[in-house]
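In order, the protein sequences belong to chains A and B.
Quick note: the first sequence uses this note's numbering, first residue 1, plus one each step.
Quick note: the second sequence uses this note's numbering, first residue 1, plus one each step.
Some clues are possibly wrong.
Said to hold, decoys possible - The calculated lysine to any residue pairs, modelled on SDA-like cross-linking and capped at a C-alpha distance of 20 Å, are: (1) A:Lys92 / B:Leu103; (2) B:Lys201 / B:Gln311; (3) A:Lys88 / B:Leu103; (4) A:Lys92 / B:Tyr107.
As the list claims (entries may be wrong) - Under 7 Å between C-beta atoms, here's a sample of chain B residues computed to sit facing chain A: (5) Ala94; (6) Leu95; (7) Arg102; (8) Leu103; (9) Ile110; (10) Pro290; (11) Gln292; (12) Val296; (13) Phe308; (14) Pro310.
Hints in this document: simulated from the structure, not taken from any laboratory.
Since we're looking at a predicted model, the values are computed, not measured.
Glycine included, every Cβ here is placed at the ideal spot set by N, Cα and C.
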Amino acid sequence: MFVEQLINGLAIGTIYALVAVGYSLVFGILRLVNFTHSSVYTLGAFMVYVGVEYLHLNIFLAILFSLVTTGFAGVMIDKMGLEPLRKKGASKISAMITTIGLSYIIINCLNIAFGSQIIRFPDLFNYGTFKLLGATIAWQQVIIGAVALILLVALSIFINRTRIGLAMRAVQQEPSAAAINGINVNMIISLTFFLGAASAAIAGTLIASYNQYLRSSMGDIVGLKAFAAAVLGGIGSLPGSVLGGLIIGVSESMAVYKLGGSYIDMVAFSLLFLVLLIRPYGILGRKGSTKV
Amino acid sequence: MNMKKENKSLYTKAVITIGQLWENPIIKGIILLALALFVYFLPKMATLYFQRIAIMVAFYAIGAYTAVLLTTYRGTNYLVAVILGACLAGAFGALLALSTMRLSGTYVTIVTMAFFYVISSIILNWDSVTKGSVGVLNIPAPNLFGMKLTMKNGGIFYLIMFYAALTILATQLIINSKVGRAIKAVRDDEMAAIMMGINNKKYKIIAYTLAAFFAGLAGTLYGPFMGYINNATFNYDICISALVIVILGGIGTVKGAIIGAIIISPLGELLRGLTTFMKGLPEWMQISQPEQWRFVIYGMIMVIMMRFRPQGILGGQSKLPYKMPKGVERKVMK
Numbered sequence: 001m002f003v004e005q006l007i008n009g010l011a012i013g014t015i016y017a018l019v020a021v022g023y024s025l026v027f028g029i030l031r032l033v034n035f036t037h038s039s040v041y042t043l044g045a046f047m048v049y050v051g052v053e054y055l056h057l058n059i060f061l062a063i064l065f066s067l068v069t070t071g072f073a074g075v076m077i078d079k080m081g082l083e084p085l086r087k088k089g090a091s092k093i094s095a096m097i098t099t100i101g102l103s104y105i106i107i108n109c110l111n112i113a114f115g116s117q118i119i120r121f122p123d124l125f126n127y128g129t130f131k132l133l134g135a136t137i138a139w140q141q142v143i144i145g146a147v148a149l150i151l152l153v154a155l156s157i158f159i160n161r162t163r164i165g166l167a168m169r170a171v172q173q174e175p176s177a178a179a180i181n182g183i184n185v186n187m188i189i190s191l192t193f194f195l196g197a198a199s200a201a202i203a204g205t206l207i208a209s210y211n212q213y214l215r216s217s218m219g220d221i222v223g224l225k226a227f228a229a230a231v232l233g234g235i236g237s238l239p240g241s242v243l244g245g246l247i248i249g250v251s252e253s254m255a256v257y258k259l260g261g262s263y264i265d266m267v268a269f270s271l272l273f274l275v276l277l278i279r280p281y282g283i284l285g286r287k288g289s290t291k292v
Numbered sequence: 001m002n003m004k005k006e007n008k009s010l011y012t013k014a015v016i017t018i019g020q021l022w023e024n025p026i027i028k029g030i031i032l033l034a035l036a037l038f039v040y041f042l043p044k045m046a047t048l049y050f051q052r053i054a055i056m057v058a059f060y061a062i063g064a065y066t067a068v069l070l071t072t073y074r075g076t077n078y079l080v081a082v083i084l085g086a087c088l089a090g091a092f093g094a095l096l097a098l099s100t101m102r103l104s105g106t107y108v109t110i111v112t113m114a115f116f117y118v119i120s121s122i123i124l125n126w127d128s129v130t131k132g133s134v135g136v137l138n139i140p141a142p143n144l145f146g147m148k149l150t151m152k153n154g155g156i157f158y159l160i161m162f163y164a165a166l167t168i169l170a171t172q173l174i175i176n177s178k179v180g181r182a183i184k185a186v187r188d189d190e191m192a193a194i195m196m197g198i199n200n201k202k203y204k205i206i207a208y209t210l211a212a213f214f215a216g217l218a219g220t221l222y223g224p225f226m227g228y229i230n231n232a233t234f235n236y237d238i239c240i241s242a243l244v245i246v247i248l249g250g251i252g253t254v255k256g257a258i259i260g261a262i263i264i265s266p267l268g269e270l271l272r273g274l275t276t277f278m279k280g281l282p283e284w285m286q287i288s289q290p291e292q293w294r295f296v297i298y299g300m301i302m303v304i305m306m307r308f309r310p311q312g313i314l315g316g317q318s319k320l321p322y323k324m325p326k327g328v329e330r331k332v333m334k
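Please build the complete structure, drawing on both the sequences and the hints.
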């Protein structure tokens with residue numbers, strides 16, 4: 001039981017990490033908590049469903065379709081909602097309220113189109129189970145964890161090793177200096193939104209296939225937990241997000257193992273509360289200096 | 001089994017009653033108005049920003065549940081229950097202020113959201129006390145000095161108005177006092193306030209406590225008004241409705257909250273009316289889910305207001321001369 005729960009926690013944890021990375025990427029560049037992220041996550045899963053159910057695509061094509069459409073939805077959120085505000089020099093709170101409003105629009109449009117009830121979602125990785133240390137483990141969990149992990153590695157290589165990644169890091173440090181050096185800041189921000197939305201779409205698809213259902217409210221709690229994970233690890237730091245996601249995933253499944261299921265949602269937040277009492281900037285976060 | 005069935009039928013009955021209540025736009029307007037008035041304290045009282053609206057609902061829930069559980073199951077006097085509810089919410093506010101003291105920015109946001117989540121999770125799971133998702137039914141009408149204030153004799157409306165007037169008065173007094181000015185200074189620019197010798201920690205705790213106290217007070221009103229509460233009563237939709245009202249009307253002004261409530265509250269009714277009106281039209285023109293459309297419109301209002309008029313319809317800079325507090329003279333060098 002223990003080993004099963006541990007593996008389960010690690011698998012869910014990597015998915016939290018994948019969503020948390022999206023929060024972290026946008027926060028790193030705009031210093032903005034992107035409240036649309038949880039609705040984009042839901043949108044991603046729904047797009048796969050649309051691809052399979054309405055466009056009759058092969059499942060991999062459907063995932064690709066979802067990646068592209070959701071990614072562009074992320075870009076549209078930035079171009080139509082946030083870029084005008086940046087140009088106007090509006091306050092951070094305006095930008096944040098805009099993201100809350102946009103996420104409300106997306107979720108309720110999904111509600112109108114598909115209804116708020118549970119919709120069956122195909123099980124993508126149904127390859128049975130195997131035995132490890134006397135525990136029965138589903139291949140599904142292992143594959144989900146592995147896919148999320150591969151994506152995380154790919155993202156970190158992209159950010160740390162490529163020229164575009166370098167530009168992203170430059171914008172993160174100082175947008176105006178980056179612009180002086182010939183970096184198209186708005187393009188980089190849109191790209192960040194694309195990456196964040198695409199990774200959220202994959203995470204949403206993985207979770208939907210894990211639960212074998214999807215519904216318009218599926219993003220609420222996962223979004224909040226992933227945000228908690230990003231903050232727990234230190235928001236703006238990629239390794240921090242991954243660590244935070246894993247900690248929350250594993251501690252949740254341990255709580256199910258020890259305490260039973262009803263308090264599962266409280267674990268993440270109580271943990272966050274305790275960690276921030278001791279380390280106010282998250283586990284891997286650094287304290288920034290206050291400029292006057 | 002029988003018990004459960006009975007509970008269930010009671011539950012459906014209660015849901016139907018609430019549905020009927022919400023049919024009435026006037027009642028709805030008043031609820032939202034009251035809510036907006038209490039939300040109006042948020043920017044003024046606390047060092048909070050808007051994302052922390054969630055937390056007001058948490059305190060609202062604490063106040064509501066304390067008062068309702070005391071009056072329904074212990075038969076406590078209404079006034080005593082109200083005071084206890086508000087004080088408990090205030091105590092939680094102080095506790096939260098103390099625990100978030102070292103945090104800043106995004107970290108405070110997530111901790112307050114987490115707090116909201118923990119409170120609603122406790123309400124859902126602590127069945128033996130809060131009755132979980134079944135909720136508390138048959139909440140007695142407030143009994144003031146032998147007078148029963150019910151919906152029928154209209155007493156409850158006067159009670160709401162009294163609360164609103166009391167809170168507006170109290171806030172105005174606090175805002176214009178030394179404490180209020182210090183809180184405003186810490187809210188607007190914490191660093192500058194510290195430099196001026198203001199004890200930012202002390203005033204943060206005071207602000208959180210007061211805001212939580214008033215939110216709790218508002219909550220104590222909700223139970224007897226609706227006659228029924230459960231875990232789903234206090235959710236993000238309430239926060240969003242209140243947020244939309246203040247954003248539309250103008251942030252941080254009473255006028256704005258009132259105007260916003262007047263515009264927003266009939267929206268649901270209008271959309272429902274539109275749905276019946278459009279029944280005869282071709283299918284693609286019909287609106288099938290008025291409730292969802294309402295939230296889409298809320299979202300659009302937020303986005304559009306932030307883009308074109310972030311200060312709200314009535315917000316903006318005050319053109320009136322700044323009123324100096326007593327004992328301070330304006331001396332301008334000429």
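Hint by hint, here is what the structure shows:
| no. | hint | result |
| --- | --- | --- |
| 1 | A:Lys92 / B:Leu103 | 18 Å, holds |
| 2 | B:Lys201 / B:Gln311 | 29 Å, violated |
| 3 | A:Lys88 / B:Leu103 | 29 Å, violated |
| 4 | A:Lys92 / B:Tyr107 | 15 Å, holds |
| 5 | Ala94 | 16 Å, violated |
| 6 | Leu95 | 11 Å, violated |
| 7 | Arg102 | 4 Å, holds |
| 8 | Leu103 | 5 Å, holds |
| 9 | Ile110 | 5 Å, holds |
| 10 | Pro290 | 10 Å, violated |
| 11 | Gln292 | 5 Å, holds |
| 12 | Val296 | 5 Å, holds |
| 13 | Phe308 | 10 Å, violated |
| 14 | Pro310 | 5 Å, holds |
Taken one by one, the earlier hints fail for this structure at numbers 2, 3, 5, 6, 10 and 13, listed in ascending order.
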